[in-house]
Amino acid sequence: MAIDVNKITETIYWTDITEGCKIEASGNSKLFNTGDWRVDTPVFIAEKCTQCLLCVPVCPDSSIPVNNYKRADFDFAHCKGCGICAKVCPSGAIEMKMGER
Amino acid sequence: MSIRERLSGNEAVANAMRQINPDVMSAFPITPSTEIPFIFSSFAANGEVDTEFIPVESEHSALSAAIGAQAAGARSLTATSSCGLALMWEMLYVAASNRLPIALALVNRTLSGPININCDHSDSMGARDSGWIQIYSENNQEVYDNFVQAYRIAEHPSVRLPIMICQDGFITSAAVENIELLEDKEVKEFVGEYCPENYLLNSRQSQSIGPYAVSAYCMEAKRAQLEALKNAKQVVLEVAEEFAGISGRSYGLFEEYRLADADYAMVIIGSAAGTAKDAIDQLRADGQKVGMLKIRLFRPFPGEEIAAALKNARVIACMDRTESFNSQCGPLGAEVKNALYNAGQAPVVINYVYGLGGRDVAVENIASVYADLIGIDKTKDAGEKYRYLSLRD
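Chains as they are written, first to last, in numbering that gives the first Met the number 0: chain A, 0 to 100; chain B, 0 to 392.
Hints in this document: simulated from the structure, not taken from any laboratory. Careful: at least some of the hints might be erroneous.
One-sided and incomplete, this derived list gives chain B residues near chain A with beta-carbon spacing under 8 Å [claimed, not checked]:
no.: 1; residue: N97
no.: 2; residue: R98
no.: 3; residue: P210
no.: 4; residue: A220
no.: 5; residue: D280
Ideal Cβ placement from N, Cα and C applies to all residues, glycine included.
Model the full structure from these sequences, guided by the hints.
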């Protein structure tokens, strides 16, 4: 029986959890806010950014949203703070800060 | 109309599988269960079943393939013994937690070491906490009947858990006995078509199976899984009742043999229960009030019902065909004592380890257990409560 994926949250009761934790939907990973696993946090410094977009394809969690060929601030609901974006940025526009945002 | 046959336990299970005609069987040979995939693969090769038979490279792969097939929407099964079950270990938990109603024909054999190929229950007893339903059989007829009932229990919407149908290696698996088979058509009608609500190959409803569950979900998931296992108890009874309607053979959660008025009771699993019945008949003829409770369903453990069935017994022997290395009890002893304690009953319970590595269990060995129990009742001295039966010392 398919249930609304939005109802599977960290406050769900055992009586409501899906059978075997099966998820009967597709394209739903963004509904699960895995950003709270993050330890270090990237800080986007917009004035230094040249919009080269080198950071976008290397992000393992697709947490750098792009609109009209321009990147925006991070999607912190899913960013794990791995720091790869800060390593590849040629402009110093991403700084890693210790601790959660 | 039933068919009278003479079959070994392995042949009986392979024939139940043929009559069920499952979708996928994956298996790797291991003594003493080798015959089951060996016979069944010939059924597949001869076109007597529509089953996809996958000869895999290990037992880990055998259960992994069954899990994949079952998740895809196919009724799947495998068979194994001993170290083969041990190699499946990781995947046993995956099958259960993903709620996949796979059937496994287990032919009980000891785990090494010392290396030995004969019967005891150390393989399945080690897997008792993996979340599978476990049903044990005394003889060839029972293992056939239990296998025919297996999918009806496992696939029930309130259960959906894998099921292990166990029989004693060589003692029943290789010994030929008279047996009554159901007609193929009767079995097919009883078991029915497998129609899962959803499955991975369903193009109308996408599904993810086995997602990562962080700490916030894991306990709720386990609790829900436990509920499904508890539900199996009622389903086992319902399926048994329906099965009795087509076969004339009745099954419950356990079998009571001359137990109701017995002062001295034995709780036992598997083929040795047949030997115990002979011992009981002899002792009853001498006026001794002895009886037995034979476990059929071990997981979930029907503790309340077993405590109620043992309420009149003054001294009880729990017979474990495995060594738990905890120095105070075997797995059956632990379960029975737990059930009695929870029910507020405090009879003397002596836990025996017997039949390891295929050690023969004769009528006189079982009779010696009853003699122990009667002696304990007379002297009011239980002595050592964890004992080895027929040990040279």
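We went through each hint and held it up to the structure:
{"no.": "1", "hint": "N97", "in the structure": "5 Å, holds"}
{"no.": "2", "hint": "R98", "in the structure": "4 Å, holds"}
{"no.": "3", "hint": "P210", "in the structure": "6 Å, holds"}
{"no.": "4", "hint": "A220", "in the structure": "5 Å, holds"}
{"no.": "5", "hint": "D280", "in the structure": "47 Å, violated"}
Hint 5 from the earlier list is the only one contradicted by this structure; the remaining hints agree with it.
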